[in-house]
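A.B. asks: Single-letter residue listing:
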Amino acid sequence: MDFDLSDEQRAIQTLCREFARDEVKPRAEEMDRDAAFPYDLVKMMADLGLMGLPFPEKYGGAGADTVSYALAVMEIARADASTGITLAAHVSLGATPFYLFGTEAQKEKYLVPLARGEMLWGFGLTEPQAGSDAGGTRTRADLRDGAWTINGTKAFITNSGTDITGGTTITAVTGTDAKGRSEISNFIVPQATPGFTRAKKYRKMGWRASDTRELSFADAAIPEDHLLGERGKGLKQFLTILDGGRISVAALSVGLAMGAYDEALQYAKDRHQFGQPISKFQAIQFKLADMLMEIEHAKLMVLKAAWEKDNKRPYEMTASLAKLYSGEVSRRVVNEAVQIHGGYGFMDEYPVSRMYRDQKINEIGEGTNEVQRLVIARLMGL
Amino acid sequence: MKILVTVKLVPDTTADKRIDPATKQLVRSGVETVLNPFDEYAIEAGLQLKEKIGGDTTVTIVTMAPESGKEIVRKALAMGADDAIMISDPKAEGSDVWGTAYALAQAIKKNGFDLVLCGTQSTDSITGELPGALAEFLGVPGITHARKLEVEGTTVRAERETDNGYAKVTADLPLLVSVTKSMNTPRYPALKGIMGAKKKTIAIASLADSGVDKPVGHEGARTELIDLVSPPTRGKGEVFQAADAVAGATKIIEFLRERKLV
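Top line first, the protein sequences correspond to chains A and B. When we follow the working numbering, the leftmost residue of the first sequence carries the number 1, and every step to the right adds one. When we follow the working numbering, the leftmost residue of the second sequence carries the number 1, and every step to the right adds one.
Check the hints yourself; a few may be wrong.
[Said to hold, decoys possible] Derived lysine-lysine pairs resembling BS3-like cross-links, with alpha carbons at most 25 angstroms apart: (1) A:K43 / B:K24; (2) A:K280 / A:K269; (3) B:K192 / A:K43.
[As the list claims (entries may be wrong)] Selected chain A positions facing chain B (in silico; Cβ < 8 angstroms): (4) I12; (5) L48; (6) L53; (7) F281.
Since the hints were derived computationally from the structure, they do not count as laboratory data. Glycine included, C-beta positions come from ideal geometry on N, C-alpha and C.
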């Protein structure tokens with residue numbers, strides 16, 4: 001067994017750590033306050049090669065592995081969860097569907113600019129009435145005169161409405177199968193499609209600097225070849241996408257927890273009460289020890305899932321366990337980080353206040369804790 | 001044009017450092033090794049020159065360090081340097097500035113060079129003497145503390161930082177220039193560079209193979225470290241309690257006046 005990162009993985013981790021510390025962290029508070037999407041940081045991440053990190057070079061990517069990708073997301077989210085989700089959603093949900101299911105022509109047209117970070121892309125699965133019941137999609141796509149006409153609504157779609165978004169991949173019902181169940185397919189919907197509109201950005205509790213919108217389709221017609229992958233394979237495809245996505249959202253949770261721990265540790269050393277730093281009190285030491293223990297545990301699970309994926313092993317179980325556990329760890333860690341800060345932790349000028357708000361979505365997005373337990377139970381064969 | 005950039009591997013600048021009272025050496029275990037941050041400006045300067053001049057211009061990293069430092073050197077390659085030369089030899093341990101400069105000079109001469117770039121100092125020993133010593137051993141002019149650097153043909157124009165301004169100087173290649181922080185902002189090693197760096201060569205050589213014909217290391221050291229002490233811990237500051245801002249400010253002014261600070 002070997003727990004050492006490769007030289008390359010370590011170099012990527014160091015790069016992301018330094019970039020996040022020097023460029024992202026100083027901006028996090030302001031971005032959160034103004035709910036301002038960080039176009040310049042996205043440009044910098046693109047120039048560094050992060051936006052296409054795990055894709056092969058021939059598609060504009062950097063050709064790095066999943067472990068490196070998880071480490072990158074951790075380090076960016078450690079400084080700012082909004083920037084972390086912008087990166088993670090772009091890679092795992094925006095670009096990956098093209099990589100996994102796109103034709104060579106679609107890869108050339110969409111994956112290459114996405115991997116280079118010249119363009120962002122959304123992934124539209126959730127609907128106002130289809131959340132955990134993702135198969136309950138109501139959005140329809142009908143093939144008429146050589147074009148798919150789409151009608152419906154998608155909710156909570158990340159990166160879907162920025163100035164550099166090229167479009168969104170959505171799931172839609174294309175008919176019913178022999179057993180009367182919805183047949184679901186994936187579609188590539190470019191931003192300029194008539195009838196496709198994006199609402200204003202949601203006002204959110206956390207991840208405020210990320211771009212999240214509701215999308216509407218009213219007789220939005222796209223060419224027939226804008227089908228992604230095979231017709232009727234939509235459900236299977238997005239489940240595959242979500243399997244891989246769990247590694248990155250788990251990394252996001254671990255990163256946030258690491259960031260909160262960093263803040264709490266520093267604060268505990270700086271803050272004096274009763275004539276000594278509060279880090280000298282056992283009550284605080286125990287909190288910090290528990291935080292570190294849980295972060296380390298969650299991190300190992302995330303990296304194991306990434307390693308399994310890189311080594312072509314089944315990784316669904318570990319990724320699900322990691323996603324669920326990391327989300328819950330991030331809650332306990334940010335909670336204690338605020339507690340260690342006392343009253344100051346409730347003030348917006350301290351990062352832990354933002355982290356506390358940013359955390360909750362980790363237990364909801366890309367599969368709630370409850371759905372995650374269901375997924376795990378099914379993988380157990382129950 | 002052959003550009004060589006000297007780098008040093010130093011303990012992480014952000015880590016807490018301790019001195020072993022017995023050996024009078026920095027305790028290195030548990031402290032990560034990094035590229036001397038000052039050298040990153042020299043690397044960046046070299047890369048910018050390469051991009052500007054183009055052609056067959058190469059940037060080669062030169063260092064003297066244990067072989068375990070190879071992966072740190074690779075960061076410089078990930079930033080865009082073409083290859084690296086590493087003098088790794090147990091007999092180099094304990095080299096002072098004279099020994100280090102002498103050994104680096106031999107390796108540089110052996111490799112051939114048009115321009116040698118250095119950082120102004122290292123973050124660990126901070127002597128700032130190496131660039132001058134190295135220029136001397138190489139037998140070339142040394143322009144130290146340059147904040148601006150241009151190369152046209154074989155003519156080098158630079159601005160040297162001085163205590164109260166800067167001096168414009170010019171010289172012909174070959175020569176050595178040490179680069180200050182105000183010259184540039186070192187780039188991050190992009191992923192493409194990181195992925196490409198593993199294919200680049202880091203040539204590791206002993207002192208003898210580098211052409212070092214005099215003893216360096218502990219044996220050849222011309223200086224002796226007599227003592228190494230931690231800076232005294234700062235005493236507790238004085239805390240004034242005042243009823244209001246004016247009273248507080250008055251007390252602070254009195255305090256500063258007493259010490260002739262205002």
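A.B. asks: It remains to establish, for every hint, whether it holds in the given structure.
C.D. replies: Status of the hints after comparison with the structure:
no., hint, in the structure
1, A:K43 / B:K24, "violated, 47 angstroms"
2, A:K280 / A:K269, "holds, 8 angstroms"
3, B:K192 / A:K43, "holds, 16 angstroms"
4, I12, "holds, 6 angstroms"
5, L48, "holds, 5 angstroms"
6, L53, "holds, 6 angstroms"
7, F281, "violated, 21 angstroms"
Consistency note: the structure conflicts with the earlier hints numbered 1 and 7.
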